[in-house]
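Student: If you want the building blocks of each chain, they are given just below.
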Amino acid sequence: MNAEKNLTPIPPAGLRALSEVKLNTHHQKLLDFATLTCGGAPVWRHRKSAEGRDLLALAQISNRLRVEWLDLFADLRALVHMEVPVPCLPKPNGPLEIAPLATLGITYRQEAMLTATPGPSFVQILAPRSVWHANVSVKYGQLLCLGSQLPAGIPLREIVLMTYGALSMMTTQLDLLDPAGVLNPGAADWWQRNTKLIPLSREPFLKTPEVKP
Amino acid sequence: MPNQPDFIELKSEARRSRGKPAQRSARLPRFIGCSVDANAVLSGLKIGVVGSGSVGGRIITHLARLKPAALWIADPKSYKEESCLTHEIEPRDVGRSKAFVTARRCKAISPGTCVFVFDGLVQDLPMDAFADADLVVMAPDNLPAEREVGQRCLHLGKNLVHASLHGETLTAQIRFFGITGEQGVCPACLFSSEEWSMSQQTQFSCEGFLDGKTDLHLGELPTVSVGSICSLAADLALNQILRFVLKLGEPVENSLAEYCGFTNRIVTSRLVQNPDCHCEHSRYSIASSLKPLAASTLCDLANAAGIPAYSAALAFTVDGYDWIEAGTCKCPEPSPVHRFVARATRKNLGCAKCRAPIKTTPFFTQRSVAAHSLGPALNQPLDMLGVASTHCVLVSTSDNAVLIRRPANPQVVHAPTCTTRATRQPPRWQIQNGRTPK
Numbered sequence: 001m002n003a004e005k006n007l008t009p010i011p012p013a014g015l016r017a018l019s020e021v022k023l024n025t026h027h028q029k030l031l032d033f034a035t036l037t038c039g040g041a042p043v044w045r046h047r048k049s050a051e052g053r054d055l056l057a058l059a060q061i062s063n064r065l066r067v068e069w070l071d072l073f074a075d076l077r078a079l080v081h082m083e084v085p086v087p088c089l090p091k092p093n094g095p096l097e098i099a100p101l102a103t104l105g106i107t108y109r110q111e112a113m114l115t116a117t118p119g120p121s122f123v124q125i126l127a128p129r130s131v132w133h134a135n136v137s138v139k140y141g142q143l144l145c146l147g148s149q150l151p152a153g154i155p156l157r158e159i160v161l162m163t164y165g166a167l168s169m170m171t172t173q174l175d176l177l178d179p180a181g182v183l184n185p186g187a188a189d190w191w192q193r194n195t196k197l198i199p200l201s202r203e204p205f206l207k208t209p210e211v212k213p
Numbered sequence: 214m215p216n217q218p219d220f221i222e223l224k225s226e227a228r229r230s231r232g233k234p235a236q237r238s239a240r241l242p243r244f245i246g247c248s249v250d251a252n253a254v255l256s257g258l259k260i261g262v263v264g265s266g267s268v269g270g271r272i273i274t275h276l277a278r279l280k281p282a283a284l285w286i287a288d289p290k291s292y293k294e295e296s297c298l299t300h301e302i303e304p305r306d307v308g309r310s311k312a313f314v315t316a317r318r319c320k321a322i323s324p325g326t327c328v329f330v331f332d333g334l335v336q337d338l339p340m341d342a343f344a345d346a347d348l349v350v351m352a353p354d355n356l357p358a359e360r361e362v363g364q365r366c367l368h369l370g371k372n373l374v375h376a377s378l379h380g381e382t383l384t385a386q387i388r389f390f391g392i393t394g395e396q397g398v399c400p401a402c403l404f405s406s407e408e409w410s411m412s413q414q415t416q417f418s419c420e421g422f423l424d425g426k427t428d429l430h431l432g433e434l435p436t437v438s439v440g441s442i443c444s445l446a447a448d449l450a451l452n453q454i455l456r457f458v459l460k461l462g463e464p465v466e467n468s469l470a471e472y473c474g475f476t477n478r479i480v481t482s483r484l485v486q487n488p489d490c491h492c493e494h495s496r497y498s499i500a501s502s503l504k505p506l507a508a509s510t511l512c513d514l515a516n517a518a519g520i521p522a523y524s525a526a527l528a529f530t531v532d533g534y535d536w537i538e539a540g541t542c543k544c545p546e547p548s549p550v551h552r553f554v555a556r557a558t559r560k561n562l563g564c565a566k567c568r569a570p571i572k573t574t575p576f577f578t579q580r581s582v583a584a585h586s587l588g589p590a591l592n593q594p595l596d597m598l599g600v601a602s603t604h605c606v607l608v609s610t611s612d613n614a615v616l617i618r619r620p621a622n623p624q625v626v627h628a629p630t631c632t633t634r635a636t637r638q639p640p641r642w643q644i645q646n647g648r649t650p651k
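Protein chains in written order, with our numbering: chain F, 1 to 213; chain C, 214 to 651.
Quick caveat, the hints were computed from the structure, so don't treat them as lab data.
Fair warning: this is a prediction, and the values are worked out from it, not measured in the lab.
Even for Gly, the Cβ is constructed at its ideal location relative to N, Cα and C.
There could be a bad hint or two in this list.
Capping the alpha-carbon separation at 25 Å, the derived lysine-lysine pairs in DSS-like fashion look like this [what the hints assert, rightly or not]: (1) F:91 with C:566; (2) C:572 with F:91; (3) C:566 with F:139.
Estimated spans, in silico, between C-beta atoms of each pair [to be verified]: (4) C:568 with F:158: 36 to 46 Å; (5) F:139 with C:308: 31 to 41 Å; (6) C:295 with F:129: 47 to 57 Å; (7) C:545 with F:95: 17 to 27 Å; (8) F:101 with C:557: 29 to 39 Å; (9) F:158 with C:303: 51 to 61 Å; (10) F:22 with C:382: 54 to 64 Å; (11) F:28 with C:295: 54 to 64 Å; (12) F:170 with C:602: 19 to 29 Å; (13) C:488 with F:189: 51 to 61 Å; (14) F:170 with C:295: 42 to 52 Å; (15) C:252 with F:42: 42 to 52 Å; (16) F:8 with C:380: 51 to 61 Å.
Excised from the complex, chain F in its bound form (with noise of 0.2 Å):
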């Protein structure tokens, strides 16, 4: 993802204490200029400049992460590009691809801090295009569901950790016949006919160095 070595460390305690990483030069930029427009009452504001803050972090230390832009005037809205292996069908009846990266819209909703939220409400996949996944939507602009509801106050980086999941395969729902998750028959039935593909990788989110292939 980053041409260069990630050089902040992951915190001792792990992802609970995202807080403590040191935002680098662009990245307090980022949340600076975000901060200036961010809106709405105070515990909403708050939080919202807290979970941008773990987005930055997170995508500071897994070095699979970017964060293109990031904006809290409403919802939190953040452009990343998330380095997964993406499955794609271009062609009806050709081959599968799988692209490298993925572009997500990700939203995190006011809602979503205090009530269970449907799945779909919060990943989008910008890019690539014609993914070929059973939990991407293909009428409503490749939105991604994570489950049938998430529960109330779900931090943001479960929803890029379970999003990593969700597309390399590592956690998918594929059965036709419940229909919470399944966005995609075609897709969840194909998949289910080629298991061996599954998952399309086996790396954590974190690349750390011990588990570097």
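Since the structure of chain F is already known, use the hints to place chain C on it.
Tutor: For chain C alone, kept in the frame of chain F given last:
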């Protein structure tokens, strides 16, 4: 205002009663300690009512008998067979719109009152729907509506009366939210965490997503009570309203009055603002545009609002429209759109490159747009950005917000002003029937 939800004014039907309409003063008592001209105050009273069910319907009828200047009535529901058990209706009203039936009854009781009715969700009303009201009353049966009405009253600076009941304990409860005060309290200040969760509850399955239908349940709580408690709640609400507008007795702002039928006691207590309330306790300043809003640029509107057009925290919300940053078409990258699209119609746009329709996507669709992301659109007239017509535009920063309304009468020039009881703007409905509420 094509395709945009709004109140419509109910015209008078042919009078069926004989003789002249009764005058209010024939039965209006001389309230002890009343320091205002009660007849004059009631003649100029304008009240918005959300919910015209078993409690709200009775409140509206009481208000109509006071012969106020104007009533706005909003309710999305229709009467069911069970409604005959608690509502003041006849079986022939089953299946009819609650808002319209109640509105017609009001108009029949008080032909001189301007009655405006909306048969839909309060969430769909324009941002300035209650800007001309002196007071808002609500008796909804769902928490999202309570939260929405409370938030609108906070923004518009309107006091709010909430009538509710608990049938099992024969309890009627009236909460008077003194929103205009310094320590304004709103309904959401009193929400528990469970109530907050219910107030934003949506329910839809991925299966529903597949066929394009989302099944939205908005935390509805059906009213289970006997009719007498419903009418008691309505009567108590009227009492509080009268005390407020006629300044009778102790102030009622930020108070809770609760009657329990088991003990026959009324308990009153204070309402206190919650510093951690999830609603925005911020007031809009209100101004009128000197020309049609669609002919104005966002930069003009920012200047009219007294906010620097290139302020980092500046944002715009065009009522009834979403700002579309980009969409998907046959092009490999998201196609920039940078236009407003009417929420009601969702008109499709075409890509200039691939000529395919551009589908809007949730991620690039925003109700409010920050000025810094508008680029040259900041200096383009709104009609060139896709806005055919709109009720109002909200110009806001992190600590200031101005709601700019469309002109009441294009031929009449109004200076921008904040709404107060003394400097009330003539409502837009004046144009429709040529009459001015007395």
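Student: Would you mind marking each hint as holding or not holding in the structure?
Tutor: Okay, the hints, checked on the actual structure:
1. F:91 with C:566: holds (22 Å)
2. C:572 with F:91: holds (20 Å)
3. C:566 with F:139: holds (21 Å)
4. C:568 with F:158: 36 to 46 Å: Holds: the Cβ-Cβ distance is about 41 Å, inside 36 to 46 Å.
5. F:139 with C:308: 31 to 41 Å: Because 35 Å falls inside the window, the suggested range holds.
6. C:295 with F:129: 47 to 57 Å: For residue 129 of chain F against residue 295 of chain C, whose Cβ atoms are near 51 Å apart, the range 47 to 57 Å holds.
7. C:545 with F:95: 17 to 27 Å: Once the Cβ atoms are compared, 19 Å apart, the range 17 to 27 Å for residue 95 of chain F and residue 545 of chain C holds.
8. F:101 with C:557: 29 to 39 Å: Holds - the Cβ-Cβ distance for residue 101 of chain F and residue 557 of chain C, about 38 Å, lies within 29 to 39 Å.
9. F:158 with C:303: 51 to 61 Å: Given range 51 to 61 Å: holds, Cβ gap about 55 Å.
10. F:22 with C:382: 54 to 64 Å: Holds - the Cβ-Cβ distance for residue 22 of chain F and residue 382 of chain C, about 56 Å, lies within 54 to 64 Å.
11. F:28 with C:295: 54 to 64 Å: holds (59 Å)
12. F:170 with C:602: 19 to 29 Å: violated (51 Å)
13. C:488 with F:189: 51 to 61 Å: holds (53 Å)
14. F:170 with C:295: 42 to 52 Å: holds (51 Å)
15. C:252 with F:42: 42 to 52 Å: holds (45 Å)
16. F:8 with C:380: 51 to 61 Å: Holds, since residue 8 of chain F and residue 380 of chain C (Cβ atoms, about 59 Å apart) stay within the stated range.
When the structure is compared with the earlier hints, a violation turns up for hint 12 alone.
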